[in-house]
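Enquirer: Sequence:
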Amino acid sequence: MEDNRPTFVPLSQAAAALGVPRAWLRREVCAGRVPAILVGRRWMVNLDNARGVILHRAQRHDAVGVRDAQ
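The number in our numbering is simply the position in the sequence shown, starting from 1, with 25 added.
Quick caveat, the hints were computed from the structure, so don't treat them as lab data.
C-beta: ideal position from N, C-alpha, C; glycine also.
Worth double-checking, as some hints may not be accurate.
With beta-carbon atoms standing in for the labels, derived distance ranges [stated by the list, open to error]:
hint, residue 1, residue 2, range
1, P31, G57, 27 to 37 Å
2, R85, G65, 32 to 42 Å
3, D28, R52, 28 to 38 Å
4, N74, P46, 32 to 42 Å
Sequences are here, hints too, so could you generate the full structure?
Expert: Right, dumping it as structure tokens:
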């Protein structure tokens, strides 16, 4: 039987796997833009969900244009 339960990893491991800075991912999690759960004092991130959110945001920015860097 296949185990389809989500796999959660620590925020730092998720950031490395997603290729984004840890501080950026933490801000996104704390702002509620990337789903995560707090286990004790440690944020745990579901990689599949986080990847989907980031991909969705990237596609949305491609459609409307990315803000100019200041």
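Enquirer: Hint by hint, which ones does the structure fall short of?
Expert: 1 and 4
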